[in-house]
Amino acid sequence: MPWDLRDGEPVIDPAQVRALLREQHPDLAHMPLGEPVRGWDNTMVRLGERLALRLPRHAQAETLLDREAAWLPRLASQLAGLPSGTPHHAIPAIPTPVRTGVPRTGYPFRWAVVPWVEGTPAVHVPLEVRDAYAPNLAATLRGLHQPAPEDAPASAFRGIGLADIEDRFARRWDALAGGLGRERRDQLAEVWRRAVNAAPYAGPRVWLHGDPHPNNTVLAGVGPGPMASSPVLVDFGDLCAGDPASDLGSALLHFSPYGREAFMAAYDAGQVPDPALWARAQGWAVNYALIFAAQSPGEALRPLGRGLLA
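According to numbering that gives the first Met the number 0, the sequence shown is numbered sequentially starting from 0.
These are calculated hints, taken from the structure and not from any lab test.
All C-beta atoms in this analysis are idealised placements derived from N, C-alpha and C, irrespective of residue type, glycine included.
Do not rely on the hints blindly, as some may be mistaken.
Said to hold, decoys possible - So the derived label-pair ranges between C-beta atoms look like this:
1) G269 <-> P72: 26 to 32 Å
2) G180 <-> A18: 54 to 60 Å
3) R192 <-> G33: 45 to 51 Å
4) R181 <-> A79: 36 to 42 Å
5) A69 <-> G269: 49 to 55 Å
6) G33 <-> P148: 22 to 28 Å
7) W39 <-> E127: 34 to 40 Å
8) A198 <-> P302: 32 to 38 Å
9) A299 <-> A155: 23 to 29 Å
10) P72 <-> A18: 24 to 30 Å
11) E127 <-> P148: 35 to 41 Å
12) V190 <-> A79: 33 to 39 Å
13) R103 <-> A299: 29 to 35 Å
All chains should be built: construct the whole structure from the sequences, respecting the hints.
Structural data, given as structure tokens:
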């Protein structure tokens with residue numbers, strides 16, 4: 000992933016951020032700024048204790064941020080209005096943008112002020128800590144996977160049928176499968192075969208986070224207690240609606256086999272299990288593992304992908 004500057008990418012420094020705030024949100028301009036931290040799509044700058052600026056690094060990231068600004072308030076409102084007595088229902092925390100900004104002062108993209116989620120990205124904690132929050136993450140996704148309105152955004156990459164990604168999967172598989180042992184290669188090929196042959200999704204389009212992997216999950220505090228109980232999903236740039244199997248496949252990569260069983264049981268609690276859903280989800284998990292495994296050395300998600308494939 001290109002953490003370094005792309006060609007033509009704006010350089011974001013505290014002076015520029017301060018200028019944007021003074022011009023567009025002067026009531027926030029006095030607050031302390033953290034050092035800019037570059038991610039895949041955005042640069043984050045902490046603002047005071049409870050806020051941060053999210054500044055797209057490229058035009059596509061601006062489009063994703065626009066989606067969050069347009070849809071997250073509606074999603075949060077929909078979830079807040081659900082009956083509180085719904086069995087096993089958990090309303091997830093939705094880090095909705097609190098302010099937006101426009102291009103100015105040498106910065107070419109729209110941007111946002113968002114809540115700061117204090118904690119540690121789950122990708123950086125031991126596997127046993129991630130296993131401990133499996134029921135909580137399952138409850139969060141169950142709460143999120145509610146029917147979406149007809150005009151909810153769709154995605155060409157998530158929430159769709161596995162047949163729609165077979166060509167992409169085949170390219171990724173051909174690039175990496177040769178490095179696997181024969182037994183493991185056959186096992187994973189069978190997982191994918193069962194996934195594409197499973198009954199397609201026939202339910203209503205539900206809200207999806209889009210990318211609920213461990214680097215988009217923040218754990219509050221330090222240590223096994225609060226960290227285990229408080230997974231918070233962040234970065235809703237891939238928010239869309241469709242088949243929940245793609246979200247579940249990404250979520251399965253958080254856990255060991257033991258944690259995956261706990262996650263699946265918690266997600267299914269109070270409803271009739273759907274074997275086809277989990278077959279599709281496991282196929283998505285292999286697909287995401289191939290994507291992560293192909294990342295550059297040093298990327299946080301690469302070991303997760305290679306661990307599942309091994």
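Hint compliance check: list the failing hint numbers for this structure, sorted ascending. 4, 5, 6, 7
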